[in-house]
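S.K.: What follows is the residue order along each chain.
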Amino acid sequence: CKSKFEKLRTSTDTGRKYQEAIKLYNNKDYAKALILFDDLVQRYRGRAESEDLYYYYAYTNYKLKDYLSARYHFKTFADTYPSSPKAEECRFLAAYCYYLDSPNYSLDQDNTYKAIESLQLFINLYPKSDRVAEASKLILDLRDKLERKSYENAKLFLDIGDYQSAVIAFKNSIIDFPDTKYAEEMEFLTIKSQYLYAKNSLETKQEERYQEAIEDYNAFAEKYPKSVYLKEASDIKDDALKGIEETKKILELYSGIKTEKKDEQQ
Amino acid sequence: QFPALRSTTETKPKDLDYLNPKEYTIGGIEINGVKYLDKSVLITITKLAVGDRILVPGEATSGAVKNLWAQGLFDDVSLAINHTSGDSVFFDINLVERPRVSRIVLKGLTKTETTDIQEKLNNQKGKIVNENLRNTITNIITKHFYEKGYLYTTVKINPVNDTADVNSRIVNVIVDKKSKVKVNAINIEGNKDFSDAKLKKFLKKTHEMAWYKVFGSGKFLRDKYEEDKEKMIAKMREKGYRDAEIISDSVYRHNDKSVNIDIKLHEGPKYYFGNITFAGNAKYPSSLLKQILRIEKGDVFSEEKLDKTLRSSPSSDDVSSLYLNDGYLTFNADPVQTRIYGDTVDLEIRIYEGPQYTINKIILKGNDVTNDKVVLREIRTKPGQKFSKDLLVRSQRQISQLGNFDEQKIDIKPIPNPADGTVDIQYTVVEKPSDQIELSGGFGGGRVVGTLGLTFNNFSARNLFNLKEYKPLPRGDGQKLSIRGQTNGKYYQSYNFSFSEPWFGGKKPIYFGISAFTSLQSNGLSKGNPSLQKIRLNGLTFSLGKQLKWPDDYFRVDYAANLQQFKLNNYSGYLFQNGDSYDLSLSQVFSRNSVDAPIFPTSGSNIKFTVQATLPYSAFNGKNYNNLSTSEKYKFAEYHKWKFETQFFQKIYGKLVLKAQAQFGFIGYYNKDVGQAPFGRFKLGGDGLQGFDFLQGSEVIGLRGYSNNSIVPEGAVTTAGSPIFNKYVLELRHPITLNQSATVFVLAFAEGGNTWNKFSEFNPFNVKRSVGVGARIYLPIFGLLGIDYGYGFDAIPGNPDANKGQFHFSIAQQLGGFN
Chain A
1475 CKSKFEKLRT
1485 STDTGRKYQE
1495 AIKLYNNKDY
1505 AKALILFDDL
1515 VQRYRGRAES
1525 EDLYYYYAYT
1535 NYKLKDYLSA
1545 RYHFKTFADT
1555 YPSSPKAEEC
1565 RFLAAYCYYL
1575 DSPNYSLDQD
1585 NTYKAIESLQ
1595 LFINLYPKSD
1605 RVAEASKLIL
1615 DLRDKLERKS
1625 YENAKLFLDI
1635 GDYQSAVIAF
1645 KNSIIDFPDT
1655 KYAEEMEFLT
1665 IKSQYLYAKN
1675 SLETKQEERY
1685 QEAIEDYNAF
1695 AEKYPKSVYL
1705 KEASDIKDDA
1715 LKGIEETKKI
1725 LELYSGIKTE
1735 KKDEQQ
Chain B
506 QFPALRSTTE
516 TKPKDLDYLN
526 PKEYTIGGIE
536 INGVKYLDKS
546 VLITITKLAV
556 GDRILVPGEA
566 TSGAVKNLWA
576 QGLFDDVSLA
586 INHTSGDSVF
596 FDINLVERPR
606 VSRIVLKGLT
616 KTETTDIQEK
626 LNNQKGKIVN
636 ENLRNTITNI
646 ITKHFYEKGY
656 LYTTVKINPV
666 NDTADVNSRI
676 VNVIVDKKSK
686 VKVNAINIEG
696 NKDFSDAKLK
706 KFLKKTHEMA
716 WYKVFGSGKF
726 LRDKYEEDKE
736 KMIAKMREKG
746 YRDAEIISDS
756 VYRHNDKSVN
766 IDIKLHEGPK
776 YYFGNITFAG
786 NAKYPSSLLK
796 QILRIEKGDV
806 FSEEKLDKTL
816 RSSPSSDDVS
826 SLYLNDGYLT
836 FNADPVQTRI
846 YGDTVDLEIR
856 IYEGPQYTIN
866 KIILKGNDVT
876 NDKVVLREIR
886 TKPGQKFSKD
896 LLVRSQRQIS
906 QLGNFDEQKI
916 DIKPIPNPAD
926 GTVDIQYTVV
936 EKPSDQIELS
946 GGFGGGRVVG
956 TLGLTFNNFS
966 ARNLFNLKEY
976 KPLPRGDGQK
986 LSIRGQTNGK
996 YYQSYNFSFS
1006 EPWFGGKKPI
1016 YFGISAFTSL
1026 QSNGLSKGNP
1036 SLQKIRLNGL
1046 TFSLGKQLKW
1056 PDDYFRVDYA
1066 ANLQQFKLNN
1076 YSGYLFQNGD
1086 SYDLSLSQVF
1096 SRNSVDAPIF
1106 PTSGSNIKFT
1116 VQATLPYSAF
1126 NGKNYNNLST
1136 SEKYKFAEYH
1146 KWKFETQFFQ
1156 KIYGKLVLKA
1166 QAQFGFIGYY
1176 NKDVGQAPFG
1186 RFKLGGDGLQ
1196 GFDFLQGSEV
1206 IGLRGYSNNS
1216 IVPEGAVTTA
1226 GSPIFNKYVL
1236 ELRHPITLNQ
1246 SATVFVLAFA
1256 EGGNTWNKFS
1266 EFNPFNVKRS
1276 VGVGARIYLP
1286 IFGLLGIDYG
1296 YGFDAIPGNP
1306 DANKGQFHFS
1316 IAQQLGGFN
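Chains A and B, in that order, give the protein sequences.
Going by the numbering used here, 1486 is the number at position 12 of the first sequence; the sequence numbering is gapless.
Going by the numbering used here, 629 is the number at position 124 of the second sequence; the sequence numbering is gapless.
Calculated directly from the structure, the hints in this document are not laboratory data.
Among these hints, one or two may not hold up.
To be verified - With a straight-line cut-off of 25 Å between C-alpha atoms, the simulated BS3-like cross-links for lysine-lysine are:
| no. | chain 1 | residue 1 | chain 2 | residue 2 |
| --- | --- | --- | --- | --- |
| 1 | A | 1481 | B | 630 |
| 2 | A | 1549 | A | 1502 |
| 3 | B | 866 | A | 1491 |
| 4 | B | 1164 | B | 1113 |
| 5 | B | 866 | A | 1679 |
| 6 | B | 866 | B | 887 |
Based on the sequences and whatever the hints tell you, model everything.
M.R.: Okay, here's the thing in structure tokens:
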């Protein structure tokens, strides 16, 4: 025997189905409502009720946390009924669904980029909307995530001892996000990475690389005279200077041995 | 509504000038020809609104038509100007409404065919019924069957009124697929040096039908045939016939069930390589490039061979690898045939070296579950390094070894920025399910046994208390957690737990693992019963491992501390029956693993050398072992154990892979008076599975074609295992599918192995031999399941059922082992 809902689902009385679907939605039985809406949006295409129906349909997906479908339907709504009073809301929600689907910073940020793009599109389309402030806040949130990702991944190179890579990655991160809140720390970490890179290099390469660390320090000290990292950075600079002295000595000693050998041979 | 608005000043619409659009205000829109649809909604869809100012003709008017078409509701849409009045325009939109498809009913097909086709026809539902729909449906169906070898399918379409829904039709489709078409004869013309038979062999998937061809039914499949033609020409060119081509070919009907194929060829003469010169190379001298090219004057001309040594050698000993491994990302070599005289072709290889690229950014995409660092720390292309193809390949291998991603779909794309000579490298991965669950109820040892095992290969311990990261468990840090319990009530219980972190501390690839187990076997009597027989084992292992940089970074060394406690109570089967015994040992494993994939390796080798030792207690505890009871004697087990295991994988032909494996193990004692330790010995024979009644005291090694643990030294009485074993395996493997959802391969093997009590008896060539065939299927959630049939040639004295034909089932959740 079929349940009452099953009977309704297979019935062809679209009018009653419509009523029941809205009722189910209002009673928060979204899963069942979705089954009916799925069927109804097909049948009501091109009819007067289809606008409201589609709006409910998109919201049902949203309430069921299926943000992928929801954002598609919100967008379709906004594209199909651009003059509807609900178009603005739907355009915003389509972008917001991307926002909700944007994962933790350390995972793939595809949805983050798309969220930023569609929120920006919203702001451009409805510059006077009440939701612009919220959209801007969300964009900041998302950019924050991207900054953090860039920072953490650069720092990973430092952590695992790939100092040269760390230097490049920190510099790239600052270029990509010039006003990031991590800028000061990353510039300090660049000095640190550059110093460690020099220290772990062949003696013949060390002087040049230490020199670069010192130059990085000078730029840093000028830019952030009150930085909390300044003390540590200047210690690194001192170590770099010492390092240069030491390699010079070693290289002298080595070339000394070489010339001695030559003398002996002669 | 709007005829009332018609004013007297109306004008007849003039001819519209597309070069000179005029601006109008929309005065009214009339929709004609619609019976079932709502007119006001249709006007909304046009995006034209009364009062708008638009250009006529212009984007808005063409857009209106487009938008209406996009609904897919009409057979025809047109927009016309009814009249204009002042600067107002009045539109007529004429629509031809058609009934829509409510259902498609297929007739004349089997159930599976119906579902397959219904799926392909799904998009057609809701569309209007017209000639276009008929054609689309017919095409979809005939194409579907054409691909399957039914060339003469007929389709009849018959729409009827659907009484359940207004303005809709049920579309009845009657399909007659006729019979499958085979190839009757292939006639080849124009060949002189190649025989017909040889050329027909080149047509791999298209062959004449014959009663003796059991495999390859002679089916005719168009797309396979097209591929085959290209392959045939490629084969001829490979053999020096560089002018070979197909002049014409035709496939024509022989009878209802078969076709004939005629192919007209131009064979041309056989060519040879002449002088080969290089131009444009600055970095490497021509003499070196020539050496790598390995083509001499007088060799049979083959573009394929040239391409192989110039660009795409599988072992990457080609000219372009030389450059690509040295940063020359935009390197290009273009072989130009400068002179052809008689049957000789002179070549000039024009080289464009381009700049040496340095790696700038590493971009990772597609990791929806696994955290960046887990992948990034394995990647070998580091910012600041010179670009290198080898490092790309190595990175791919490292990523696939993580086991969290689909090996076939790892995509690496270098994105060069020629402006500053740097290259960004983008890695795109696709997550795959890597967690495994083992839930079974089985019948073993005469009793029902239940097993529950869970393995999480991408665990994140730091998020254990962070409920937000539960999906449905904390995942993404590449740690491994596994728990497994097996019991049949009071007779047998075994519980295991293990956890491992591949980057202990997050700074260096130091593997850290901890595992613990407890197991119990008894005859089920209650605790106080004097005839209770029972053995309980408890174990705890800590391990630390590290990848080495020298001799190369495929090497690693692992250390482990193991503690095992054995508690025996009237238990026969070991050297003593009552008492407690402790086995505390340290082990060191030195290994090199360059196998290219964990499930179906096609190249690389795996070598492992293990030393495990306990302290020599008898040397300093001052006990006289000659008159100790056995339980006293084995209170602290003492032994030293050596194992050497090696396996090689090599592609030998097509997808056929050869696996060669050799294993040797030896367990020795420090003190003659103490003798062989009762634990840690080797049990050889059978499926190599740790059976349900397995107690962790010994090492189980499979040997197919013989029953489990059946291979014991002559005259051995103990069931604890043997102190010396060796084993050799040769296995040919061929994949059936290397899909990520299921990897399946078949294999044929020949193997041999034996066990000994003493080195003085050891003879590496005196082995119990067997041959057989088998199949493996890897399902991500179950691990590697296998079935083998082996035939053991050598009888085991005193165990007549141990050899001859034997079936073996196996399940391996750990991949990359020596089973």
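S.K.: Which hint numbers doesn't this structure obey?
M.R.: 3
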